[in-house]
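Student: Each chain, letter by letter, is given below.
2 protein chains.
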Amino acid sequence: MLSFEEYRTIINTHLLDYIPQVDEYVSSLYESVKYSLTVGGKRLRPVLLLAACDFAGGDIKEALPYACCVEYIHTYSLIHDDLPAMDNDDLRRGKPTNHKVFGEDIAILAGDALLNTAAEVLTSQILSNSYSHTKMINHTKAANIILSRSGIKGMIAGQVADVQNEHQNVTPDIVHFIDEHKCGDLITAPVIAGLNLANADEKLINDFAYYAMNIGIGFQILDDILDFEGDSLSMGKHVGKDKDLGKCNNVCVHGINKAKSMLNSRTEKAKAAIEHYGENVSFFLELADSLKTRRK
Amino acid sequence: MLSFEEYRTIINTHLLDYIPQVDEYVSSLYESVKYSLTVGGKRLRPVLLLAACDFAGGDIKEALPYACCVEYIHTYSLIHDDLPAMDNDDLRRGKPTNHKVFGEDIAILAGDALLNTAAEVLTSQILSNSYSHTKMINHTKAANIILSRSGIKGMIAGQVADVQNEHQNVTPDIVHFIDEHKCGDLITAPVIAGLNLANADEKLINDFAYYAMNIGIGFQILDDILDFEGDSLSMGKHVGKDKDLGKCNNVCVHGINKAKSMLNSRTEKAKAAIEHYGENVSFFLELADSLKTRRK
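Residue numbers (the working numbering), protein chains in the order written: chain A, 10 to 305; chain B, 10 to 305.
Source of the hints: derived by calculation from the structure; they are not laboratory data.
Mixed in with the good hints there might be a few duds.
Just so you know, same-sequence chains aren't split out, so a pair can sit in one copy or run between any two.
To be verified - Calculated pairs, DMTMM-like style, for lysine to aspartate or glutamate (alpha carbon to alpha carbon, straight line, at most 20 Å): (1) Lys162 / Glu40; (2) Lys104 / Glu40; (3) Lys70 / Glu15; (4) Lys162 / Asp26; (5) Lys51 / Asp26.
Work out the full structure, taking the sequences as your base and the hints as a guide.
Tutor: So, in structure tokens, the structure goes:
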């Protein structure tokens with residue numbers, strides 16, 4: 010196993026490798042895609058895919074395109090989420106959002122292009138290297154879990170519930186639904202996909218999926234806490250925006266103290282699910298703790 | 010082989026079958042997706058996929074989800090293309106466009122959901138039915154050609170060139186690039202995919218891909234002619250919109266008479282590429298002729 014920073018460096022080095030070369034007429038789209046992919050980011054999701062594959066004895070070289078595709082999907086969701094018709098954000102990661110730089114039309118198409126490229130690369134990978142039948146099935150499963158968790162029953166469902174929660178009477182159930190799908194699903198998917206690529210058994214996959222969903226939900230709870238307590242400078246984005254948008258999140262529905270105890274509880278649940286898996290599991294235990302204390 | 014109308018009926022009957030059931034919080038998204046899928050449409054692209062598969066001796070039941078996915082991708086591209094930040098259209102197929110009915114935020118997410126669902130269903134199909142290794146490769150090739158022709162080197166490239174061609178000095182080369190990618194690629198992809206599913210040989214695939222690209226480019230040329238000559242009532246959409254948007258199309262760059270002769274030439278080239286393939290090929294020859302005379 011490598012460190013988080015080592016996996017992150019691999020992702021940052023290769024993140025543009027799978028974006029097809031485009032015609033000169035389309036260079037603005039490529040610049041727009043490249044801008045949002047390289048403007049910064051924790052790379053949590055692709056790192057989780059590499060680490061999960063590595064942990065279960067898989068080949069991280071084979072896992073790399075899958076990891077990059079997860080980041081393409083995450084990035085497209087941010088570009089579309091920031092659009093004026095959605096959350097209307099001018100800043101992301103301390104820099105102007107994609108549509109502020111390239112215009113709304115190109116931002117919409119860049120988001121579409123990133124999602125489409127992810128799907129295209131995932132199916133290319135299944136075909137590549139003349140894999141054995143078992144390996145081909147494992148690779149297809151990895152592609153399918155990424156695409157299903159980002160779709161109409163996954164991340165997009167969370168986005169829809171989030172968009173519709175503006176100026177509404179929101180229940181804890183709806184906030185949980187948003188946390189689980191908008192954030193949890195695309196943190197769980199790379200873990201399951203990485204383990205599928207390593208041909209891991211079902212019990213291991215289920216335990217790690219539970220871990221990932223809990224850190225994912227905790228991630229969103231902390232986002233809500235930081236939106237309440239943080240400052241724009243260290244966050245690199247506008248703070249208090251949920252309130253401005255009339256959205257009710259974990260802090261609004263549960264109060265700040267309950268939200269903090271929920272974050273602790275999610276972190277502990279995540280760790281408890283996997284801590285019996287031996288020495289290498291420390292990567293995932295430490296990651297859960299470090300995510301709990303992030304300030305941006 | 011069945012008739013165009015018979016293939017079209019199969020598509021219309023099953024088009025919603027592969028859209029996953031969604032949670033109640035997401036019902037507006039489902040309604041939005043369903044609205045655009047059922048508001049009408051020629052179903053040219055999915056019919057071509059079924060017909061190509063059938064022609065080459067494949068199983069159209071297996072091809073049906075692939076055909077529906079092509080229509081999902083086509084429909085998402087129309088929803089996003091109609092958005093205020095893109096072509097800003099209020100009417101599509103004689104009915105209000107998606108964002109006029111459901112709002113811009115849901116329209117953006119409905120487009121995303123349709124593209125994502127297509128990719129999800131395509132990878133699910135590769136895994137389904139415990140296919141043999143050869144069949145699994147053919148199915149993955151079909152999925153991959155659909156996704157690559159709709160992506161950053163295909164349909165999306167055409168959209169970008171089209172968006173950027175507003176109020177510019179446009180050359181015949183750029184108009185041809187738009188025709189080939191914005192329209193031709195997503196008419197060519199289902200033909201190649203359908204033939205891949207039927208395990209057709211390379212020569213047949215290449216000849217039919219040439220046929221499809223020519224009817225696809227012809228389709229766009231006729232769209233431009235109808236945008237110049239047609240009336241809004243029979244077209245079901247605003248006429249003269251390219252001029253209003255400051256876009257230069259085939260009529261603007263070549264003149265109406267040259268555009269008409271180009272359409273004839275594309276139709277003849279398409280037919281000539283495949284007419285030696287025996288009796289059943291009449292489906293494709295007649296289709297090429299009928300597309301040339303459509304009025305909407």
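Student: Evaluate each hint against the coordinates.
Tutor: Against the structure, the hints come out as follows:
no.: 1; hint: Lys162 / Glu40; result: between (31 Å within a copy, 14 Å between copies)
no.: 2; hint: Lys104 / Glu40; result: within (15 Å within a copy, 35 Å between copies)
no.: 3; hint: Lys70 / Glu15; result: within (14 Å within a copy, 47 Å between copies)
no.: 4; hint: Lys162 / Asp26; result: between (29 Å within a copy, 15 Å between copies)
no.: 5; hint: Lys51 / Asp26; result: within (19 Å within a copy, 38 Å between copies)
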